[in-house]
Amino acid sequence: MKSNFDLTPIAKNGANAFVARICMCALLIAVPLWLWQRSAFAHGVLCGVLAGTIDLSILFLGIKKSLPYVEVPKQGLKIMKRFRWARLAAAAAFIITMLRMKLAVHGAFGGFLLIHIFFILNLLFIAYQHQNERA
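Residues in the sequence shown are numbered consecutively from 4, following the numbering used here.
Misleading hints may appear alongside valid ones.
Think about it this way: if two alpha-carbon atoms lie no more than 27 Å apart in a straight line, the pair counts; the simulated DSS-like pairs of lysine-lysine are [said to hold, decoys possible]:
1) K67 / K81
2) K105 / K77
3) K68 / K81
4) K77 / K67
5) K84 / K68
DEER-style ranges, computed between Cβ atoms [as the list claims (entries may be wrong)]:
6) R85 / L106: 21 to 31 Å
7) E136 / V73: 16 to 26 Å
8) R24 / L102: 37 to 47 Å
9) L91 / E136: 29 to 39 Å
10) T100 / N135: 41 to 51 Å
11) N125 / A93: 18 to 28 Å
12) N135 / Y72: 28 to 38 Å
13) L38 / Y131: 30 to 40 Å
14) A130 / A93: 40 to 50 Å
It is worth saying that the hints were derived from the structure and are not from the lab. Note that the coordinates shown come from a computational prediction; the quantities given were computed from them, not determined experimentally. Note that CB positions come from ideal geometry on N, CA and C, so glycine has one too.
When you get a sec, could you build the whole thing from the sequences and use the hints?
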């Protein structure tokens with residue numbers, strides 16, 4: 004039996020705490036890497052963690068803004084599409100700024116990926132708990 008899982012309860016109740024927990028998990032890897040290496044790649048990873056945190060914040064803000072339009076899904080979809088473009092613009096601005104400052108962009112992609120890996124892992128844990136509550 005397939006059950007649908009959505010981010011509505013997280014967006015309504017504690018999106019800030021959820022994003023902060025993901026950020027702390029990623030910083031547990033990024034900060035020791037930076038302290039150990041002090042290289043351009045490590046600086047880029049820290050910048051990527053920041054960019055990923057901003058990206059997740061924009062994502063949850065879009066979800067929160069579209070929640071009142073549950074009865075009118077097309078309006079909610081318009082809002083989510085608008086926030087998708089905002090996420091893309093924020094990421095592009097971040098990368099362009101890093102390139103102008105001559106920072107290691109490949110490290111930023113690593114940090115961005117790190118944030119999203121922890122995001123997916125948190126979603127898996129929440130889905131597992133949700134499934135056990137239903138059983």
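Checked hints:
Restraint check for K67 and K81: satisfied, since their Cα atoms lie roughly 13 Å apart, inside the 27 Å limit. The suggested pairing of K105 with K77 is violated, with an alpha-carbon distance near 42 Å, which exceeds 27 Å. Annotation: proposed proximity of K68 to K81 holds, straight-line Cα distance about 11 Å (limit 27 Å). Between the alpha carbons of K77 and K67 the distance comes to roughly 15 Å, so the proposed pair stays at or under 27 Å and holds.
For the given pair, K84 sits about 12 Å from K68 by alpha-carbon distance, which is consistent with the 27 Å threshold. Evaluation of the 21 to 31 Å hint for R85 and L106 yields a pass: the beta carbon distance comes to about 29 Å. At roughly 22 Å, the beta-carbon separation of E136 and V73 lies within the given 16 to 26 Å, and the hint holds. Checking the proposed 37 to 47 Å range against R24 and L102 shows it is violated: the Cβ atoms sit about 30 Å from each other.
Checked against the given bound of 29 to 39 Å, the beta carbons of L91 and E136, roughly 35 Å apart, stay inside it. In this structure, T100 and N135 meet the distance hint of 41 to 51 Å, their C-beta atoms being roughly 44 Å apart. Remark: the range hint 18 to 28 Å for N125 to A93 is upheld by a beta-carbon distance near 21 Å. Separation of N135 from Y72 is about 31 Å and conforms to the stated range, judged on CB atoms against 28 to 38 Å.
Between L38 and Y131 the beta carbons are some 33 Å apart, a value that agrees with the proposed interval 30 to 40 Å. For the pair A130 and A93, the supplied restraint of 40 to 50 Å is violated, since their beta-carbon distance comes to about 27 Å.
When each numbered hint is compared with the structure, violations occur for hints 2, 8 and 14.
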